[in-house]
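According to the numbering used here, the sequence shown is numbered sequentially starting from 50.
Just so you know, these hints were derived from the structure itself, not from any lab.
Mixed in with the good hints there might be a few duds.
[Claimed, not checked] Beta-carbon label-pair distances, calculated as ranges:
#, residue 1, residue 2, range
1, C136, T287, 35 to 45 Å
2, R303, A342, 31 to 41 Å
3, A135, D376, 20 to 30 Å
4, Y212, L366, 19 to 29 Å
5, G351, I396, 45 to 55 Å
6, G239, N138, 23 to 33 Å
[Said to hold, decoys possible] Here are the simulated EDC-like pairs of lysine to aspartate or glutamate, each with C-alpha atoms no more than 16 Å apart in a straight line:
#, residue 1, residue 2
7, K360, D196
8, K353, E171
9, K310, E149
10, K321, D196
11, K348, D161
12, K334, D296
13, K324, D196
14, K360, D161
15, K348, D249
16, K172, D296
17, K334, D376
18, K353, D376
19, K348, D320
20, K208, D370
21, K248, E171
22, K248, E149
23, K164, D296
24, K248, E368
25, K353, E173
26, K348, D167
27, K172, E309
28, K321, E149
29, K321, D151
30, K358, D151
31, K208, E173
32, K358, E171
33, K208, D320
34, K208, D196
35, K324, D151
36, K324, D296
Just so you know, even glycine gets a beta-carbon here, dropped at the ideal spot from N, CA and C.
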Amino acid sequence: MRNALGLMLASVVAAVVIAAGGWFYYSARADQGAPKTIAARAADPLPAPAKLAARDDVETTATVAAKPAAAAPAPAPVMPVQPKQACANPNALGVSRVVEIDTTGGPGFGFDHFKQFDFLTEKEVVLTFDDGPWPVNTPAVLKALADECTKGLFFSVGKHATYHPEILKQVLAQGHTVGTHTWSHVNLNGKKMTEQMAKDEVEKGVSAVKFALGANPAPFFRFPQLQHNPAIVSYFGTRNVAMFSTDVDSFDFRKGATPEKIIETVMTRLDKLGKGIILMHDFQKNTGIALPALLARLKAGGYKVVQMKAKTTMQTLPEYDEALMKDMKVPTAGTNTRPIASVVQTISQ
């Protein structure tokens, strides 16, 4: 009996020991395995989405987004830029090259008076027109140039610009360069002309052309009658305005200057020189009539047109802007300096 009781007690003890050993074994395995999952602590909190977005904008502008990013808007141009149109005339004279002029210090062009900058090569010409804008005549010149897909340089008289701003706007819109030619086309070397009067003529003319265009003109100037006032020549050095004389004068303003005579005068002189800046007047009726045939002669003779543009525009002086507005009796309080497109828009047609 005592032996049987001992055996039973021994069995119970053995069972308890085995169970305890198993529990200890699996607990130890669990304790050893736990660090593999617990030690990998949760990651630090991510920055807030707003902060990430701001950071991406600054540092990762080329990051590929989940959705295609919209293209950044192009910066607004300082001046209206006209779209380049294809030339409808496959045999047009066209423009062989465009040169940009840095007008710092007031350089001069045209060998009749200025001989420092000989930039044209053989068979190259620059087409220049004075005294416009004017009804009928200026549009005729513009049409002739457009038909040959070529460009010119227009020296506008301030008064004429205020009379016909819509025509001068067409000149600029068609891609031509617009310079100035005084306020009233007076001889700046006249006997009664003082230095201040000459300056007033120049600056008021610039303000008038700006008023007509709704934009600053090029810092290009031609003296009326090619009369170069020494004081104004020096003044243009301080204003950084380029001065233009000529190489080939068409003399289209003279009595008896028929279209045929204009063409012959230009081509005879040009063939002798081989190149040059040509002086014409879009104020003269016969110039517009002669121009289609003249451009054809240039093309047949192997001549090429160079367009001159300025690196910068000419800034007007406030006192002359104000004087012009007063003379024209234009209200100056407020919005007259805004471009017309920002004031008047067609919303239905």
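To test your reading of the hints: which numbers does this structure violate? 2, 3, 6, 7, 9, 10, 11, 12, 13, 14, 15, 17, 18, 21, 22, 26, 27, 28, 29, 31, 32, 33, 34 and 35
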